[in-house]
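Trainee: So the protein sequences, as listed, match chains C and Z.
In terms of full-length UniProt numbering, the first sequence opens at residue 1 and continues consecutively.
In terms of full-length UniProt numbering, the second sequence opens at residue 1 and continues consecutively.
Please note that the accuracy of each hint is not assured.
To be verified - Here are the simulated DSSO-like cross-link-like pairs (lysine-lysine), alpha carbons at most 30 Å apart as the crow flies:
1) C/K142 - Z/K332
2) C/K562 - Z/K251
3) C/K633 - Z/K332
4) Z/K154 - Z/K212
The set of hints was computed from the structure by calculation and includes no laboratory data.
Quick caveat: nothing in here was measured; it's all calculated off a predicted structure.
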Amino acid sequence: MEFNIDDLPVLFPYPRIYPEQYAYMVDLKKTLDAGGNCVLEMPSGTGKTVTLLSLIVAYQQYYPEHRKLIYCSRTMSEIEKALVELRALMKFRAERLGHEEEFRGLGLTSRKNLCLHPSVKREKSGAIVDARCRSLTAGFVKEKREKGENVETCVYHDNLDLLEPHNLIPNGIWTLDGLMRYGEEKKQCPYFTARRMMQHCNVIIYSYHYLLDPKIAERVSKDLSKDCIVVFDEAHNIDNVCIESLSTDITQDSLMRATRGAQNLEAKISEMKDSDQEKLQSEYEKLVEGLKGLDEGRQEDAFMANPTLPDDLLKEAVPGNIRRAEHFVAFLRRFIEYLKTRMKVRQVISETPPSFLAHLKEYTFIEKKPLRFCAERLTSLVRTLELTNIEDYRPLQEVATFATLVATYEKGFLLILEPYESDTAKTPNPVLHFTCLDAAIAIKPVFDRFSSVIITSGTISPLEMYPKMLNFETVVQESYAMTLARRSFLPMIVTRGSDQASISTSFQVRNEPSVVRNYGNLLTEFARITPDGMVVFFPSYLYMESIISMWQGMGILDEVWKHKLILVETPDAQETSLALETYRTACCNGRGAILLCVARGKVSEGIDFDHQYGRTVLCIGVPFQYTESRILKARLEFLRETYRIRENDFLSFDAMRHAAQCLGRVLRGKDDYGVMVLADRRFMKKRAQLPKWINQAFLEANTNLSTDMAVGNARAFLKQMAQPFSAKDQEGVSIWGMEDLKRHQEKMAEDMIVELKTAREEEERERKRREEEERRRFEEERDRVSDYEMDEDDEAEMMALDARIG
Amino acid sequence: MAPVEIPRGQASYKKREGIITLTQDKTALIWSPLPGTGPPVISLSVSNITNLQQTPKTNPKVVLRVVEKPKAPGADPAAYPFQFTHATEARNEADAIKDLLSQIIAELRGDDPSLPKPAKSGPNGAGASAAMAMASAVNSKHLPFRWFEDDMLKADVELQHSLMKKDKALAHIYNDAKLSKPDSLSDASFNSQFWATRISLLRAYAIELNQKKGSYNVLSTIKPRTENGELKLNINHEQVQLIFQQHPLVKRIYNENVPKLTESEFWSRFFLSRLSKKLRGERITDNDNTDPLFDKYLEADNTMAVPAKITATSVPPIINIEGNEENQGGFKGGNLKDVEMRPRANIPIIRTLNSLSEKIMANVAPTDVDPSAASYSKDGIADALSKQLALQDLRGDAEAQPIRLSVKDTSTFFTGNQPSLTDQEAADARLYATQVPSDVLFEVQADMDTLDSDGRGGIDLHRSIGVDPDSDDDESDALDSKTGPKPQHVGSRAALRFAQNQILESMKSARSHLTTTHGGSHTTTNASEERPMSLPTDIAHRATLTCATTAEFLKQFWTVFNNSSDSSPEKQQELAYLADSLVRSKQRIEALAEEAEKRRQEIMEKRKREIREYYQKTGRKAKWVPVGGGRDAVWAVFEGVVGGLERAVAVWEMVKGGRV
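One chain only, chain C, in its complex shape:
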C-alpha cells in the first residue's frame, strides 16, 4: 500500500498494515526529522524489520540528502533475514514505481562465513580463517608476487583488482547467500567485495561489532559519514555487546604462549638485521613521525585488530623506548614477566587500572605511555617483518591489546585476578580479567559521530533503562501495545507443580528431586498437548545439563519420547545447527519435537520459532545471571554508584529481558499463535517488568497457576486457536486496510487541529487574561491614583474636620 506520513510518501509492501506498524513509522520519522535518537519497543512478530526498512528507504529516496542506512543486527541469521526483507521491499518498490531504483544494499559478516577459498573456508575456527586469509591477501604478499617471488595468493581476492573499484558488484540487494553465489560465479571474494563496496551502498547490514568494537570499528566503519542513520535492531542486549567489546582475559597459558611468540619475534628481528637492516631503520624513522605515518597499517589488510586510539595519540611520536624493534620486544617480555609474577598470587585481587599501573611502574619502571602504544607497535613490527603465520602471535597480540586497554581507560574498568576457577577448586588456574563495567564507553563514539541512532527490539523494557545505562538522550521513547482481534497468545505463570508444591530454580531448591520432578511433569504434560514444535529454555547450561540427566533417571524423558523427538542445544555450534535442522524438519513433518536450550545461549538469539516451529515456549526458571560472579558484582556496584541503578533492579531487569526474549520467539504475524509459560514462583512478582504487549495479554487469573490448571488453560486455548479465523475478522482492529488507515490519519489530523485550536484558544485566553490583567492593573493604578487623590481629599476633609473640631 502507498500512503503519506506528513509529506513523505511511503511504499509498504503489503496491502494492509498493523496499527502499531504505522505508529512506529510515525515515531521513526519524527526521530529522523529531529536528527535525534530513539528507543522503540515493537511487539515481537509484528513485522518490525519491514516497517523500519519501508520508512527509512522511503526517507532515503525522497529527501535529497540520501542518508545512508547502517543497520546493525546481532547474528548472521538476522542479517540474512533483514536482507531478504529489504530485497522484497525493493522489488515491491520497483513494481510500484515502474523502474528499478539506483540502490545497493549489502550485508557483511565474518571472513569465516563468506570465504570461498577452497582450503581456507574449510578451517573450523574463525580466527584461523582470518589469519590465513590475511596471509594470502596482505599488501606485501601482493608486492612480493609482483616482484616475481613465488608466494601463494588468493585468486578470489586478486580478481577484485581487475574490476572498477567503485563497482565491484551491480546495483541491487545482495543477500549473504546471493553474494556468495555471485562471488562463486565471478570468482571474486564476497568478503572484500562487501567491505570495499560499503562506501557505495545505500544500506549496509552488519554486526554490531563493526560499529561498537573499537578493535574492528576503526577499520571497517571509519569512512561512514556523519549523517548516516544508525539502527541497532534486537538491541535488548546492546549493553552486554558494548561491554564485551572492551573486556578481555589473560590466562597463564596465554602468557606462556605469548613468551614463545616474543622469542620468535626476537629471532626474526635478528634474522632481518643480518639481511635487511634498512627495513627496520625505515620503520624506526616512520615511528618518529608518529603512528599516522603508519596509516597504511590501519588499512583493511592490517594484520591485527587493535583497539582504537584517540586521534591525538596518532599524531604523537611513538615513545623512544619502544621505537627500536628489539627494544620493543624486550619491553613486551618485561611486561609479560610482570604479569606472570602477579598470577602467582593465591588470593582474589581486584583493582582499578590506575592502581595496576602504579604497581607496574613501581616494580618494572614501565610507564603508562609506551604501554598505550603496544598494540599498534606490534602491528607495525609484524608488518615490517612480513610475518604470515599470524596465528602463532595471537597470544602476544592479546597481551598487547590488554596493555593498550589498561593504559588507555581509567574509569569504568576493573582488573580482577581469580586464582581458582571456583571456591571449591584445589588446583589454581589463575585468570586475570580486564573487565569493562560501563557500557556507555564503547557506544559513546557512535553517539558522538552519528546524529540519528535508533535502538529497537521486540523486548526492550523498561525503556528508560537504556538511555540511562548507555548515557544518551532520546527524542522518542515508545513501547507499542499489540492490537489483537483475538487472543493469539496465552501467557501464563506456573508457580506450583501438580502437587501444589511451589517450583523455582533458585539455587537452594533447584536440584531437589521434588522440584525437578514437578518441572518434568510440566514438560511431559505440555509435550502431550502441544502440536508440532515446543521450545524449552533453561536459565543456564549447567542447570540444563543436570536437570536433563535427572529427568532421564526419573524416566521423564521416556515419557516425553512418546510424544515428541527431543533435541538439545550443545556447546558445539555446528552440532546445534544440525539439531535445529532436525527439529525444524520434525516440526514440519508432523512428528513434533522439543528443543531444550538456554535462555542466554546460542539459540535464544536470532533463531525464530514461529508458527509450527514453536506452539509452546516453556521458560523453566527465571534466567538470572550467576550472582556469585565477581565480574557481575563489580558491574552492579558500578551501576549503583554511577547511574543510580539498584542491584536488584538491574538483576531483575536483566533476567526478565531474557525471559521476554524467549517468549517473543514464538510469534510472527497476528495469525500465529502460541502458549507462553513462565514456570517459577518468582515470576509472579516480576510480571510488571515484562514488555507492555506481553503484560497486557495476561489474564489476572493466569498469573498464579498450578501445572494442571495451566495445562487445562492451554488445552482450551489450543482448541480455540484451531477454529477458522480469517483476516476479515481482524480488519479495522488489528489490521488496517487503506480505508482504516485514511480514517486514522484523518482522525490524527483532526486531533492535531483540535490540539492546535485549543492551544490557540488557550493562547487567546491567556492573551485576553493578560490584557485583562493589564487593564486591571492599569485601572488599579489609575484607581490608586484616584485613591490617592481621594486620600488627598480625605485628608483635606479630615483636615477640615480637624479644623472644625479644632
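The hints should help you fit chain Z onto chain C, whose structure is shown.
Mentor: What follows is chain Z alone, placed relative to chain C:
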C-alpha cells in the same frame, strides 16, 4: 566428498551442435548449444521422462530419443531426439548418459514399493522409426510424486476393494447399485461411473494408506522389570527391528554372538548391561552390572554407516548457529563466561538425545534447503525465504479459487420436441427483443410513481384480484367449487384456506418426525437417526440404503443426460439403461413401502391383541395409541426422492417421445 562424475556428450539437436549432460544434482537432463557453457536451451526434468529409446548398436547413427510426459493432459508427449556426433566416442557417450538416466529413473520409480503400480501400457511407439529399438522400457505415466491422479485412482480396483472393506455403508451402496444395474451396462463402465463421483474418497484413503507411522525411540519404551529375582522382558519383533536400525552396534553384537547365545539370553543380558545404559544415554556407575560380553563393546562406535552429516551438508544462514557465533570475525573480546554458563560438554545424555532424534528423522527430507545445493537458482532461496518471512495475514485472504460451474444450455436436448411457439408468443418474443430492459424498467417505475396522482385515485388491489373483503360469502366459493374447479383467486378465501391447510399439514408431518410411539406410552424422543417417521430400525436402515442407491442412479442419469451434447447411439443406450434403473428404483421403494406396511399391520395386530388381553385380565380398556411407520411413512421419507425420480423419468419419456 568428490562429486560423482557426470557423463557429458557431444550431441546435436535439431541440427545444432551442443553438449548434453545432466545437472550436478542429477534431477534434469540439459542440452546447451556449443560451446556448451551457456545456459541450457533444453532442460528436461528426469522425473518427467517417460521413455528412452536408442538406436541399436548396429546402426552407425547414434540417436537417443527422450520422451517427456505430456505437459498438459491430453497433449502429445514431447520427444527430443539427440544425435550423438562425437567422431569416435558417440556410442560410449550415449550409453553413459542413457545408463545413468535409466538408473535414476528406476530409482525414482522404485522408491515407493507400497504404491500400487499402474498397469503397464505398451511402448509409446508413435512416430518411432524402425531403426530404433527400445533401450529401456520405463513406461509409466505415473511417477511417485504424481501419486494420486484421478485416472489412476479410478483404475485401482484393489484400492477400491480395500476402501469398501473398510467402509461398510459404501460397500452396501456399491453392491446394491451393482445388483440393480441394467445387465447391459458393463461392469467396467459401471465401476468407472460409480467411482468417478467418489474420487475424493479414494484419494483420501490412498493417502491414509500411504502414510506410515514414523519410528520412535525404541529403547525408551522397553522397561525390563525384575520379578522375584527374575527378569521379565517383553519385546516384539518390530521392536527388535527398530533397535537394530537405531543402534547398529547392537545388530553387530547380535550377529557376532547369537548362535552361541540364545535369543532370549541375549536380550535379557543386553538390557541389564552397561552398554544398554550407555545407549540410553545414562551415566554408568560402578555398581552397575558387569557383563563380559557387552562390556567389550562399550567403547565401540555406534554410528551409522552413512557418512557423518556434519561434513556433508551446510545449513542455511537463518539457522546457522555456527555462522552466528562467528559473525563478527577478528579478535573476540569479552570475559570468560561464568561457571553456570560454561557447558561441561561430557554429558552423554545430550549427545544421545540429539543423535537419536537425528537418526529417527534421517530418512525425511530436511525442511530447510541446503544452500549449497546447485538445484536452487540464485533467487530461489531468497524468494523462498522471503515467502517464509512474509506476514501472511497482512497479505489478506487468499484469493478465492472458485470452481466454475458451467451450466450448459440444456434446451439443446429438447430441440426435437420443443413445441413451436404460438403466434402470440412469437410476437411477444419479437417485441421483447427490441426492448431495452432499463428503459422498460424506467417506464414501469414512472407509472408506479404516478399511480396516485394520475387522476384515477390509484388502484384497488383487492378489486383487481376480484376479492371483496367485506363479503363473507363463503358459500359462493364453496358453491363454485361444487360446480367445478375454478381457477383460484389470489387472496380468495379458498386460497387462504388452502394455504392454511398446507402449513398445518407440514407442521403435522414435522411433528410426526419428532414423535415416536414406544410400548404404548407416548414419549417424545429426538427424531432418532435409526427410526425416522417411527419406522422400525431395519426398515429405516434399508430405506437409507435404498435412498442412497436411488440418489446414485439419479446422479448418474443426470450426469450422462446433461454431460455432452452428442446423441450417439451408445449414449442413448446408456441413458435408456439408466432410465430403466430409475424405474426400478421406484419399484424398490414401493416394495419397501409394502413391507413397512406389513410390519405396521403386524404391530397393530399385536397391539390389538395386547389390549384385548389386558382388557380380559383387568376389565379396563387400554388407550389405543396409533402406530407409526408403514407405507405412508416410507412414502413420506422418500417424498423428495420419488419426486426427483418421477421428474427424471418424465424428462426422459419426453425426450424419447420427441426423438421417436
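Trainee: None of the hints should be skipped; say for each whether it holds.
Mentor: Results for each hint:
1. C/K142 - Z/K332: Since the Cα atoms of C/K142 and Z/K332 sit roughly 28 Å apart, the hinted pair holds (cutoff 30 Å).
2. C/K562 - Z/K251: holds (24 Å)
3. C/K633 - Z/K332: holds (23 Å)
4. Z/K154 - Z/K212: Between Z/K154 and Z/K212 the Cα gap is close to 23 Å, so the pair holds against 30 Å.
In the structure shown, no violation is registered for any of the earlier numbered hints.
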